[in-house]
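*Asks:* Each chain, letter by letter, is given below.
Number of protein chains: 2
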Amino acid sequence: MATIRVPDEVPSPAQDSETLNQAFRGWGTDEKAIIRVLGKRNGSQRKRIRESYREIYGKDLIDVLTSELSGDFMKAVVLWTYDPAERDARLANNVLNGKKKSIEKLKIIVEISCTTSPNHLIAVRKAYCSLFDLSLEEHIASSVPFPLAKVLVTLATSFRYDKDMADTEVATIEAGMLREAITAKQLDHDHVLYILGTRSIYQLRETFDVDGCPGDADLKSLLQMVILCIEFPEKHFAKVVRDSIEGFGTDEDSLTRGIVTRAEVDLMKARGEYYNMYNTSMDNAIIGDVSGDYKDFLLTLLGSNI
Amino acid sequence: MATIRVPDEVPSPAQDSETLNQAFRGWGTDEKAIIRVLGKRNGSQRKRIRESYREIYGKDLIDVLTSELSGDFMKAVVLWTYDPAERDARLANNVLNGKKKSIEKLKIIVEISCTTSPNHLIAVRKAYCSLFDLSLEEHIASSVPFPLAKVLVTLATSFRYDKDMADTEVATIEAGMLREAITAKQLDHDHVLYILGTRSIYQLRETFDVDGCPGDADLKSLLQMVILCIEFPEKHFAKVVRDSIEGFGTDEDSLTRGIVTRAEVDLMKARGEYYNMYNTSMDNAIIGDVSGDYKDFLLTLLGSNI
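Residue numbers (the UniProt record's numbering), protein chains in the order written: chain D, 1 to 306; chain Y, 1 to 306.
These are calculated hints, taken from the structure and not from any lab test.
Only a predicted model underlies this, so the values are computations on that prediction, with no experimental measurement involved.
Each residue gets a CB set at the ideal place from its N, CA and C atoms; glycine is no exception.
Some hints could be false.
Covered, in the sense of this in silico footprint (three residues per stretch, anywhere, with C-beta under 8 Å from a C-beta of chain D), are these stretches of chain Y [claimed, not checked]: (1) 58-71; (2) 76-87; (3) 229-242.
Taking lysine-lysine and the DSSO-like style, the derived pairs with C-alpha atoms no more than 30 Å apart in a straight line are [said to hold, decoys possible]: (4) D/K105 to D/K126; (5) Y/K47 to D/K163; (6) D/K126 to Y/K107; (7) Y/K163 to D/K47; (8) D/K107 to Y/K126; (9) Y/K185 to D/K185; (10) Y/K100 to D/K100; (11) D/K220 to D/K185; (12) D/K59 to D/K100; (13) Y/K107 to Y/K59; (14) Y/K185 to Y/K126; (15) Y/K47 to D/K126; (16) Y/K101 to D/K163; (17) D/K163 to Y/K99; (18) D/K126 to Y/K126; (19) D/K101 to Y/K163; (20) Y/K163 to D/K59; (21) Y/K163 to D/K105; (22) D/K235 to D/K40; (23) Y/K59 to D/K163; (24) D/K163 to Y/K185; (25) Y/K100 to D/K163; (26) Y/K99 to D/K126; (27) D/K185 to D/K269; (28) Y/K47 to Y/K105; (29) Y/K163 to Y/K75; (30) Y/K126 to Y/K163; (31) Y/K75 to Y/K32; (32) Y/K75 to Y/K185; (33) Y/K126 to D/K47.
Make the full structure from the sequences, and use the hints.
*Replies:* Here is the structure:
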């Protein structure tokens, strides 16, 4: 369930564009107005605002937001304003273009591949080709070391059957195969990859039910995340938010990603899981950790009335 | 280039539906009328006819064609009338449901994966899920032995960048990697698969230019076909037609597949290649090998005026 709150009466895209344009004009920028407009519109509404803004003012709203705003607030608003498929393509591209492709960064590709719908993942791959002149899987295969590349390509190219059906017998057999691969420490075995990469989410949940969970450290950590993302995406995102604010300093990029990418998907559930897992509220944790317009924007996406 | 000839003035879908319905009525069926209508309409026109037929007569045109016609003629007309993505999904499903999945049959999946556009291949995978309640790659991984399954999954899940750009340096490096894998007889090496499965067609053509060509027998034969399909799809289809009519007896299913699936794509080129490769015309070869309505239908798709 989504957390954003769209008002009962939504202004036309042209009116919203005008409000935004007013907010950009003169000395200083009216950040509150930007939060009020963009933070309370769903994906298709934002898309129409971006189109309408271009029509009226001849500029890409993303470019204007980038130049008028700054810091983590700017990054969050821009990420939110992208079309979701373009957004994920850009998130993946940042990882693959990064000099240091740590396992933590690579997990963003697992996240995109395993917590979104099959049709969304295809849309991400299409966006990737048009934005970056190569395919997502080509970029992974040519820039990530094996066997991690193998796992990531398998997941990123999946188009899982997405109806709620599972074959218990198959689940038992495949749980056995997974267990065997774990015991033999052959986590990159082709059978493991094809089970995790081609079976439907529902079939896999049945398989994971049969079995416990897995046991090279990077590969293990990646596969554990695959399983978590598939089995409990909302727990995964509760963890993303928690990890980003826990301890000394904040990982704003991860926090933004967690909130922005799920605000229209299942952030309500992730918020519930957060409470169950950490015995404190996600909203309060965010309030205690970040500040200013950035904080207000994230809370708006979480459904608060700022 | 396509071979089918759409008349300058095309009747409305409702008129075509009526002509077809007339052809089905009474004793006997008017096969010539069916050829004249369906054999001279392109994909979107046939789609509209099928929709209109359902609206007017409350029946799926495919079902009526299946019951009114018979033999290879029926199979060819039905295959032609399907939406191209549904058609390829059904062709692949026939292979994967077959008890004996010979390497010749499995090559149909290579053909679908390597000779069609990235967007078409995605449409085939979507059609596969909605028609058969599992994903194409899931069906491959669970029913074809390794390492063939590995190659087929990699190809079937590809979404290649499809602009005409190639990096010569990458081509040289990857041609070297392919050569090495061939020498070491490690054709199922992950690097081979990711080169063949993720690089764009244009990049791969550059790579094959640098290198010669490859040399377990089934795997070799499959990969040679991958290369042929990618480098010269029209030569591949000339060969499909030739192999289907050569020697004793005809392989009507392959002949139908070769003509029907390419009549709107590149059959004109394949016909030219056929002449270059075998020093005889494809049309005459077909005329000499098959007969009746089936022959007339294939020739209509080849652009003849029957």
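*Asks:* Assess, step by step, whether the Cα of Y/K47 is no farther than 30 Å from the Cα of D/K163, and give holds or violated.
*Replies:* Within the cut-off at roughly 27 Å; holds.
*Asks:* Verify the proposed pairing of Y/K163 with D/K59, using a straight-line Cα cut of 30 Å.
*Replies:* holds, 27 Å
*Asks:* Given the proposed pairing of Y/K100 with D/K100, does the C-alpha separation stay at or below 30 Å?
*Replies:* Distance of about 48 Å is beyond 30 Å: violated.
*Asks:* Assess, step by step, whether the Cα of Y/K75 is no farther than 30 Å from the Cα of Y/K32, and give holds or violated.
*Replies:* With a Cα-Cα distance of about 16 Å, the restraint between Y/K75 and Y/K32 holds, given a limit of 30 Å.
*Asks:* What's the verdict on Y/K185 and D/K185, does the C-alpha distance respect the 30 Å limit or exceed it?
*Replies:* Distance ~26 Å between Y/K185 and D/K185 Cα, so the pair holds.
*Asks:* Would the pair Y/K47 and Y/K105 pass a check requiring their Cα atoms to be no farther apart than 30 Å?
*Replies:* The given pair, whose Cα atoms are some 28 Å apart, holds under the 30 Å limit.
*Asks:* According to a criterion of three or more residues whose C-beta lies within less than 8 Å of a C-beta of chain D, is the segment 58-71 of chain Y covered?
*Replies:* violated (count 0)
*Asks:* Take the C-alpha atoms of D/K126 and Y/K126, compute the straight-line distance between them, and say whether it is at most 30 Å.
*Replies:* Given that 30 Å is the threshold and the Cα spacing comes to 15 Å, the pair holds.
*Asks:* When you check the alpha-carbon spacing of Y/K100 and D/K163, does it fall within 30 Å?
*Replies:* holds, 29 Å
*Asks:* Would you check the hint for D/K163 and Y/K185, treating anything up to 30 Å between C-alpha atoms as holding?
*Replies:* violated, 41 Å
*Asks:* Count the residues of the segment 229-242 of chain Y whose Cβ falls closer than 8 Å to any Cβ of chain D, and tell me whether that reaches three.
*Replies:* The restraint on the segment 229-242 of chain Y is violated, since only 0 of its residues have a Cβ under 8 Å from chain D and three are required.
*Asks:* Given the hinted pair D/K220 and D/K185, is their Cα-Cα distance within 30 Å?
*Replies:* Given that 30 Å is the threshold and the Cα spacing comes to 9 Å, the pair holds.
The earlier numbered hints that this structure contradicts are 1, 2, 3, 10, 12, 13, 14, 24, 26, 27, 29 and 32.
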